[in-house]
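A.B. asks: Letter by letter, the chains look like this.
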Amino acid sequence: MDPRFDDADEAFRREVAGWLVRELGGEFAELVDAGGPGREHEHVEARKAWERRLGRDGWIGLGWPEADGGRGLSWQRQVIFHEEYARAGAPGRVGHIGEQLLGPTLLMFGTPGQKAHFLPGILDGTQLWCQGYSEPGAGSDLAAVSTRAELRADGWHVDGQKVWTSLATEADRCFVLARTEPGSTRHRGLSYLLVPMRQPGVDVRPIVQLTGTSEFNEVFFDDARAPAEDVVGAPGEGWKVAMGTLAVERGVSTFGQQMGFAREFERVLAAARAGGAADDPVIADRLLDSWMQLQVLRHTAVMTLGAPAGSTPGTEANVAKLMWAPWHRRLGELAVDVLGAAGTVTAGPEVDELTPAQRLYLFTRADTIYGGSDEVQRTVIAQRMLGLPRGPA
Amino acid sequence: MDPRFDDADEAFRREVAGWLVRELGGEFAELVDAGGPGREHEHVEARKAWERRLGRDGWIGLGWPEADGGRGLSWQRQVIFHEEYARAGAPGRVGHIGEQLLGPTLLMFGTPGQKAHFLPGILDGTQLWCQGYSEPGAGSDLAAVSTRAELRADGWHVDGQKVWTSLATEADRCFVLARTEPGSTRHRGLSYLLVPMRQPGVDVRPIVQLTGTSEFNEVFFDDARAPAEDVVGAPGEGWKVAMGTLAVERGVSTFGQQMGFAREFERVLAAARAGGAADDPVIADRLLDSWMQLQVLRHTAVMTLGAPAGSTPGTEANVAKLMWAPWHRRLGELAVDVLGAAGTVTAGPEVDELTPAQRLYLFTRADTIYGGSDEVQRTVIAQRMLGLPRGPA
Amino acid sequence: MDALFGDEQRDLQRTVRDLLTREDPGPAVWQRLCGELGLTGITVGERHGGAGATTVELGIVLAELGRALTPVPFLQTAVAATVLDRSDAPPAAEVLPALVAGGLVAGLATPAPPTRWPTGSGPALTGVLDNVVDGPHLDLLLTPAVVDGAAVLVAVRTDAPGVTRTTLPTLDRSRPQARFALRGAPAVEIGDAASASRATDLLLAAVAVESAGAARFCLDTTLAHLRTREQFGRPLGTFQALQHRCADLAVLVESAWATARHAMWAADADPAGAAVSAPLAKAYCADAFRTVAGEMIQLHGGIGFTWEHPAHRYFKRATSTDLLFGGRAWVRSVVAERAGLPAVR
Amino acid sequence: MDALFGDEQRDLQRTVRDLLTREDPGPAVWQRLCGELGLTGITVGERHGGAGATTVELGIVLAELGRALTPVPFLQTAVAATVLDRSDAPPAAEVLPALVAGGLVAGLATPAPPTRWPTGSGPALTGVLDNVVDGPHLDLLLTPAVVDGAAVLVAVRTDAPGVTRTTLPTLDRSRPQARFALRGAPAVEIGDAASASRATDLLLAAVAVESAGAARFCLDTTLAHLRTREQFGRPLGTFQALQHRCADLAVLVESAWATARHAMWAADADPAGAAVSAPLAKAYCADAFRTVAGEMIQLHGGIGFTWEHPAHRYFKRATSTDLLFGGRAWVRSVVAERAGLPAVR
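Chains as they are written, first to last, in our numbering: chain X, 114 to 506; chain V, 114 to 506; chain D, 85 to 429; chain U, 85 to 429.
Excised from the complex, chain X in its bound form (with noise of 0.2 Å):
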């Protein structure tokens, strides 16, 4: 039994596990479980064609209003939704920065025109987009915006630098937070620009993680173009609407990740029966501490998370990602360490050939820190949270 759903909640929930079946079944078959987190790279041209073929069938913007091309879907049925996905292992998104990230903020900042122009392409799943906020040497200080743009007669002029950018290669446009308002500092001075990814002032240079593999990039501007209306808000008010994207980037999406987590320590519990370690105490006793915390995210969402639609969010979601990505990088020790000695070898020889337990492990290291480090997430609970008050400056 849930507390949050009716029994037409049920019967929607069966009609998304039955669509699935069936496509996962088919021609997509290959993709169960492939891409996600430290996986980017797999099956990238089947992942566009599903994206594709979700948007076809009516399950991209589930939440977003029937006006603006969404299915208006509360927040239970979207709920649902992303957790039949994640049970299923259909695969790792290549749309979800444009569906969870940029559509909802234009939802909330773009022009009629805007939204005319972007939502259709993300609904259908054909125009991929990937996010310009962090820069290099900044870490999580996201306000340390060097990429400046200047507006001239021909539209928005971009120069500067992003990094940890996910899917650049892959993505349309890219939304990027610069520098209008030469001689500002921190917060002010800032525009949310819209900047087409295939031109030629636009580089993208993948960063080699410590998995081998490359799921983030670089991403270079030199005299790159944007048309001048692809501003979202008022020019030099970009933090603000950066700020919308960020608050946005949780919310009923966790359900589906906590149904991944659930899958994946049903993955590590068979490796540790299997291979015998289930019979160490210590290891059963990690095992069901992991059990027990993942409940304990569950129910903490569900308590703090499942609020109706369009509630805008304060620090449940810094709460969340200090439960989660610190137990979702102990699941990954846990899934090496079940293994003993035999997790310390790998599928192949070559740099990228890890088990799915070693990439696990190392791809988990990530959690902790990007999208706001656990120190960055401290700090803001026991500010904005807690009410304890600022140092000195």
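Simulated from the structure, these hints should not be mistaken for laboratory data. Using N, Cα and C, we set each Cβ at its ideal position, and we do this for glycine too. There may be inaccurate statements among the hints.
Taking beta-carbon pairs under 8 Å as the criterion, some of the chain U residues facing chain V (in silico) [claimed, not checked]:
| hint | residue |
| --- | --- |
| 1 | L307 |
| 2 | F323 |
| 3 | D332 |
| 4 | A342 |
| 5 | H346 |
| 6 | Y368 |
Just some of the chain U residues that point at chain D, by a computed CB distance under 7 Å [as the list claims (entries may be wrong)]:
| hint | residue |
| --- | --- |
| 7 | Q324 |
| 8 | A325 |
| 9 | H328 |
Mind docking chains V, D and U on chain X? Use the hints.
C.D. replies: For chains V, D and U alone, kept in the frame of chain X given last:
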């Protein structure tokens, strides 16, 4: 085998052990395992007599220069004395503040007259001391001194309040850090005064702790007097002297402390075996952790603290404190946890009728607070040992 | 922070908090909790004089009692009343009105492995029930037992012949305990094995939500201290290392509250789920409470170590919460078994 | 920080650090370590061409190799040379000169419970030795074995008939592994059961001190980053929360170093004590190293997550250190057994 000692040292060990067996087998038998942190209220008069016996037989001031009445023994022999003292379960000292804090301070900073006047009473166990550093509300900020003293024709007049003063009810004198230059702030303008406790201007009020007993006291100075010459170091330079005292607040006695820890661990282990908790693998793993960490404490002390007598310690003492205090606190937790439900039942209906396990459990909460909290230790290690820069003031 | 709370539930929370903040923690509080507000019967059906609410509302009251650490046998009595109400066995109708009015104090034996349950033939039970929480106050004791070879839930009047009660001195002075030695004590069956299991689960969930409330108080009090107390010339709360530790504590407190609340919801609404979520909540919340109470002492410094400061009372309550009610190892083993996870042994 | 270090030992440390810092980590380093400095034979008696030092000096070299993560089969070869030198069995005189000169690479099978040792009758051994560290390079493999029912320490030439070597691809690319399948492989006995046990203990102590050196490098590198890298307008190292975490890491690094050094001292000077201190040091230092290497990534932020930054190499080395050489559970069980503590089972 032990890398620190030679055969002659081991012969000295037998001499110490023999003396302890003899003395603790007779009139002082009731003092075995009595006194010490969290148990300062036990057998106070008998422990004063024991202090005098130690003095009579030459066991106080082992490392002090012979010219000052000490025995000038090597650090190895001092270590051996402390180890055997703890191994025998000899009682918590009442004279250690004089021997280990004030004495070394006078040896470093005292005038010949002061040494001649104060050292003999420490060495023969007849004069007891207490420490007047901390003030109410100041926490670990030792420079926040409000107690003030003024030198008039008839000597020092002292007014103010100290807190967390151990053994204040027993002590004959107190070394007090007082502000002697009106208008001075922080470390400047302080003097290190030797104030008699048995006078009308001194009032001692015991603080009842969470254990229900009173190991600590508040000490009120209301026009208390001290002779003009009883200031150590120059007036106004008390901070330097006090820091000197703090720096010696460790050293060879560490090894005795660790021997005491080993005795405590053995008791916890015995209780775990007797009650069956040792069969719980999680408890067994915690016992193993505790034991291993105790060996690590010892190896670390041997490497960093077993330095030649007289050498000034750096941050080794901070590292040692940050290791032993949390370890001891965890041992306290283990002590009640191995008892399970029985650990929640006391020895009797009065508030201070705790079992030894409960006393260890509760009193070790103080270990991470007093003598520089864990937080202060971390800051000192980060800035002085690791060279991390101070933040904005 | 609580998406599932309604206005009525917030009113209830406010009413209880006001009462516990205003009143001295003496007999008057007990009278007002029972008689005036009728809270011991909050979950009891109206046919027995109760308020007919769910275990969710009981959880709200328990969290406030945990917050205030009020030394009344409320948790035990309200849990017993709920168990009796849901059992519908004949004794229920007999004792529930008195329980609701506060004239009778009831409670469950602290959970233990079945090997330690009292046994008997017919209505006469023999065995020892140790560390029974609120034992000195109990008029009626509920316990799982093995009667004629079958596991059942029974009720024993503590003044009956064959019952010897020994009051135990306790570290946590706000939570008295007694040992009951039963020698052919008369017992009335009030439920089957499943009822016994559900009763224990409800007790565990109730303890969890009480702990979650207490843990939040510890954090709130610590934050208030850090915001105002100055050291090294600035409020302690401005120090980043302390801020980060408080953030971690806040995560513990929020998640404990969510987990306990879910367990209290499941107790009435999802009994199958409660079989896992109740012991899980007890294990998690007791652990969280113990951590937060320990940090409350540490972050208060010396003052938190004194008898006059409330920190030690919460620390002792956290300890007794963790070690009683079956203890950590047992309650975790129940979770593992019911969730189909490998046993820790 | 190190009260027991003398000038000669400090000179040795400096010499090795200079070499490893200056040279590319290629074959030249191996040649200089063996031929020029004679370090594979540092503990070997002068009669076999060694330097006649103790295991303490070997520990100094190993810590530096851990610091630099130089991918040479030094640890294994030097440990094997020490074992052979102390065994005084006839094969020692035969192979030691080649080991000292670097012309022969030797090593021990990764420790395992006796149930997994190869067995044989007479000199022909059968069994599988898995995850042998530096296995691809080994000319001579030492392993505990059961021969004619008795536990002994034997040496097997890896080019002998009956020996099949399979190179394993490894997560930690600086520490290659191989699996050896022995089918009637010819083995020479070089010691009894006690020798086998001491050999394993020395390997564990050596791994511990290597880890301690590596952990210190991780901390040093992290501190350098925090001192210089600015964020939010000031050096990261000024943030108190990071300062406090570094302090905790420093305590781990200092104590790991002390513990590993003690184990290396005991290997020669106190064999009875080494039976506990070696597995204890391995368990403690591997754990400390893993913690520090993980924090090295975290405190470097995104840059520490890239292939080009050294953090991941240390993180992978820490992982292999913890999981190999018998693994955490086994090595801790050895400590518990030898220290007379309750078994964790």
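A.B. asks: It remains to establish, for every hint, whether it holds in the given structure.
C.D. replies: Going through the hints against the structure:
no.: 1; hint: L307; in the structure: holds (6 Å)
no.: 2; hint: F323; in the structure: holds (7 Å)
no.: 3; hint: D332; in the structure: holds (7 Å)
no.: 4; hint: A342; in the structure: holds (4 Å)
no.: 5; hint: H346; in the structure: holds (4 Å)
no.: 6; hint: Y368; in the structure: holds (6 Å)
no.: 7; hint: Q324; in the structure: holds (4 Å)
no.: 8; hint: A325; in the structure: holds (4 Å)
no.: 9; hint: H328; in the structure: holds (4 Å)
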